[in-house]
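With the hints as your guide, set chain B onto chain A.
Each chain, written out:
Number of protein chains: 2
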Amino acid sequence: MATASTLAAGSVGTVETRHLDLPRPVRLESGRELHPVRVAYETYGTLSPRRDNVILVCHALSGDAHAAGFSATGTAASTRDGFGADDRDGSAGKALGWWDGMIGPGKAFDTDHFFVVSTNLLGGCRGTTGPSSTDPATGEPYGPDFPVLTVADMVETQRAFLDELGIERLAAVAGGSLGGMQALEWAVRYPDQVDDIVVIASTHALHPQGMAWNAIARESIMRDPDWQGGRYYGTGRIPAAGMGVARMVGHVTYLSAPALHDKFGRRLQFADDIRYTITEPEFEVESYLRHQADSFVRRFDANTYLTMSRALTYFDLARQYGDGSLAKALEGVLARTLLITFSSDWLYPPVASEEIHEALSTLGKDVELHLIDAPYGHDCFLLEEARQTPIVRRFLSGTPA
Amino acid sequence: MATASTLAAGSVGTVETRHLDLPRPVRLESGRELHPVRVAYETYGTLSPRRDNVILVCHALSGDAHAAGFSATGTAASTRDGFGADDRDGSAGKALGWWDGMIGPGKAFDTDHFFVVSTNLLGGCRGTTGPSSTDPATGEPYGPDFPVLTVADMVETQRAFLDELGIERLAAVAGGSLGGMQALEWAVRYPDQVDDIVVIASTHALHPQGMAWNAIARESIMRDPDWQGGRYYGTGRIPAAGMGVARMVGHVTYLSAPALHDKFGRRLQFADDIRYTITEPEFEVESYLRHQADSFVRRFDANTYLTMSRALTYFDLARQYGDGSLAKALEGVLARTLLITFSSDWLYPPVASEEIHEALSTLGKDVELHLIDAPYGHDCFLLEEARQTPIVRRFLSGTPA
Numbered sequence: 452m453a454t455a456s457t458l459a460a461g462s463v464g465t466v467e468t469r470h471l472d473l474p475r476p477v478r479l480e481s482g483r484e485l486h487p488v489r490v491a492y493e494t495y496g497t498l499s500p501r502r503d504n505v506i507l508v509c510h511a512l513s514g515d516a517h518a519a520g521f522s523a524t525g526t527a528a529s530t531r532d533g534f535g536a537d538d539r540d541g542s543a544g545k546a547l548g549w550w551d552g553m554i555g556p557g558k559a560f561d562t563d564h565f566f567v568v569s570t571n572l573l574g575g576c577r578g579t580t581g582p583s584s585t586d587p588a589t590g591e592p593y594g595p596d597f598p599v600l601t602v603a604d605m606v607e608t609q610r611a612f613l614d615e616l617g618i619e620r621l622a623a624v625a626g627g628s629l630g631g632m633q634a635l636e637w638a639v640r641y642p643d644q645v646d647d648i649v650v651i652a653s654t655h656a657l658h659p660q661g662m663a664w665n666a667i668a669r670e671s672i673m674r675d676p677d678w679q680g681g682r683y684y685g686t687g688r689i690p691a692a693g694m695g696v697a698r699m700v701g702h703v704t705y706l707s708a709p710a711l712h713d714k715f716g717r718r719l720q721f722a723d724d725i726r727y728t729i730t731e732p733e734f735e736v737e738s739y740l741r742h743q744a745d746s747f748v749r750r751f752d753a754n755t756y757l758t759m760s761r762a763l764t765y766f767d768l769a770r771q772y773g774d775g776s777l778a779k780a781l782e783g784v785l786a787r788t789l790l791i792t793f794s795s796d797w798l799y800p801p802v803a804s805e806e807i808h809e810a811l812s813t814l815g816k817d818v819e820l821h822l823i824d825a826p827y828g829h830d831c832f833l834l835e836e837a838r839q840t841p842i843v844r845r846f847l848s849g850t851p852a
Numbered sequence: 452m453a454t455a456s457t458l459a460a461g462s463v464g465t466v467e468t469r470h471l472d473l474p475r476p477v478r479l480e481s482g483r484e485l486h487p488v489r490v491a492y493e494t495y496g497t498l499s500p501r502r503d504n505v506i507l508v509c510h511a512l513s514g515d516a517h518a519a520g521f522s523a524t525g526t527a528a529s530t531r532d533g534f535g536a537d538d539r540d541g542s543a544g545k546a547l548g549w550w551d552g553m554i555g556p557g558k559a560f561d562t563d564h565f566f567v568v569s570t571n572l573l574g575g576c577r578g579t580t581g582p583s584s585t586d587p588a589t590g591e592p593y594g595p596d597f598p599v600l601t602v603a604d605m606v607e608t609q610r611a612f613l614d615e616l617g618i619e620r621l622a623a624v625a626g627g628s629l630g631g632m633q634a635l636e637w638a639v640r641y642p643d644q645v646d647d648i649v650v651i652a653s654t655h656a657l658h659p660q661g662m663a664w665n666a667i668a669r670e671s672i673m674r675d676p677d678w679q680g681g682r683y684y685g686t687g688r689i690p691a692a693g694m695g696v697a698r699m700v701g702h703v704t705y706l707s708a709p710a711l712h713d714k715f716g717r718r719l720q721f722a723d724d725i726r727y728t729i730t731e732p733e734f735e736v737e738s739y740l741r742h743q744a745d746s747f748v749r750r751f752d753a754n755t756y757l758t759m760s761r762a763l764t765y766f767d768l769a770r771q772y773g774d775g776s777l778a779k780a781l782e783g784v785l786a787r788t789l790l791i792t793f794s795s796d797w798l799y800p801p802v803a804s805e806e807i808h809e810a811l812s813t814l815g816k817d818v819e820l821h822l823i824d825a826p827y828g829h830d831c832f833l834l835e836e837a838r839q840t841p842i843v844r845r846f847l848s849g850t851p852a
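So the protein sequences, as listed, match chains A and B.
Quick note, my numbering runs 451 ahead of the 1-based positions in the first sequence.
Quick note, my numbering runs 451 ahead of the 1-based positions in the second sequence.
Just chain A, same shape as in the assembly (with noise of 0.2 Å):
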């Protein structure tokens, strides 16, 4: 465990997971109830006695609650996807949060002013309830029987959660892909109860072609016989092919073409020449996709990412809100909102950005676009922390851009 001396500069420290469990159901967008709901949590900083100084932040896919500082267990951190976020996993051997380059002392999440609230997801696999939970009706995990997410139930989820720590305005919902759809879905939904958002590296709707990468990633896992319809708990399988095959999909989207050209270009993985094989790998890209692979499958639950994909897909502020207008969608927000977007990033790419921005501004709403030249595609959102940083704290500071 990490002592005060060892820390490095604004750490929030060691922190541990803690759960907490709803008292009362959640009810789902499909009409469908949840019960008993339990919600890991982390929190960074202190709240403010008026409890006016909170900011959630909302983790992305493959994620949890564990966004900043040590983890206490030395748990795997899990959404650090990365070039960068691997090699610093693999330095620090601690398990660093996920985003914890954001969120501390001095820091764009400012831990000296603001509360910092993480949660696991509905639908997680890392302490919140999700597929591999018990079902209280059969006393098994719930495997495909775990009610289909949507975005908006992990808001209601998360709203759930903070009634019972007494908090009822949020100075900030920030978060990166999924996690800034979450933060959209909070401006939406309860627009009187949000002062910002800070919405990186997402979008309104994921577009056709992201559409279809998500979808090939469930298919790979489904088709797995391994997968068992969903119910392989306990049978001593789980479909390790395809969450291989869907980390595979999954991380090549996340990183720019010319990323994984600087990183790996074509050298082989041995020798100065190839070694006619197909089993094995050539390269060092072939490599380390299955490097990829192998580590995912190890620490993720299939069914939460089927659940997390498939709600992502589903986010559509436009149909949800607006009857197929972003802009009649956007109409109630009243939170200030932030939106970085990076240039390399194609799969959640600028222009679903600008088009947030576009519809916020013709509606007079109070928003900003910052743009950030930057090679790692959309794994951007985790790694270029320290060009992120200055671009959050004056945003937050209510200084005007």
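Treat the hints as calculated values from the structure; they're not laboratory data.
Incorrect hints may have been included.
Copies of the same chain are indistinguishable here, so a pair counts whether it falls within one copy or spans any two.
Here are the simulated DMTMM-like pairs of lysine to aspartate or glutamate, each with C-alpha atoms no more than 25 Å apart in a straight line [said to hold, decoys possible]:
(1) K779 with D596
(2) K816 with D677
(3) K816 with D774
(4) K779 with E805
(5) K816 with D724
(6) K714 with D563
(7) K779 with D724
(8) K714 with D774
(9) K779 with D723
(10) K714 with E805
(11) K714 with E591
(12) K779 with D713
(13) K779 with E467
(14) K714 with E806
Just chain B now, kept in the frame of chain A:
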């Protein structure tokens, strides 16, 4: 069977795939020898008395010898991967060749002037010897014992095949994607036997992201338990699940994101609202991908897919012939070179053709490059026939650009 009166203008008519057994073993780059080798082929047009009007057309990953006209046996054409391609297959109903728009009287490869030869590649599954062929050593299908091939091995087989036809020189070698790689390999390997090469939507070496997509497709096949280490022939099981995912990955990489957006958007499959299902397609793009997967699995052999994917990943002119230098690799080229590339092709992006163009230009070679602005991604080489035709016709006529 089509009669003369029902033929489309410019059609080569009804054609039959023929087969030829090579008299000698094919010596492979790996050091292995393959014998016997049968080659499936079609020809269109008439061989000139001087045998100087031969164009060899080379197919891509999932192709076959049936490049033009209507198939006499009515089997489905194979490399028509894109939207238009699929539609045409469906409506034609009798197996139009995969490059029918480019080959025929008055077309780009004009059978009034040229004798066009098309072979199924070595390692194929449509008549040429490949992994599903009988291994003479065992009397069983080769399966995983089939040699790992390179593009050079495919070209060597074409060379040996043309010897049997009494064809020494080629007026041109032409192809798209993997087919373009073969054209380049011909120009490097047999500089004094090729007058022209036509290299469309291709590259001198696949970039790392493209290598990654191919690796993922192969992983998906090999991780399917029904692949059975490649020995699935005769077991009643084929790796349909893995092949389906491989095809979906391939398919998305063949198309551009804007093309997917234009064709499908985020349209729901059945209703005005979502149905809360993970196992069933909700969006049109999801249903489309499943359809693509299912139809591909029925017509293509998994081990051939692995073989082709590995060969095109290996292909790297600079490594093979230039000690890492593309210019050095191309030093000996004598053929006039036509490069065509498409603005929206992100799998074989324009920059690859530009690099070939620059290398050949610097060497003082006769080369021209055409960038066609078109939205359909890599599939443009199959779909944008009308715009390629005048470029190819003028080039082959010897008229300067």
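List in ascending order the numbers of the hints, as given earlier, that are violated by the structure. Going through the list in order, the structure violates hints 1, 2, 5, 6, 11 and 13 and respects the others.
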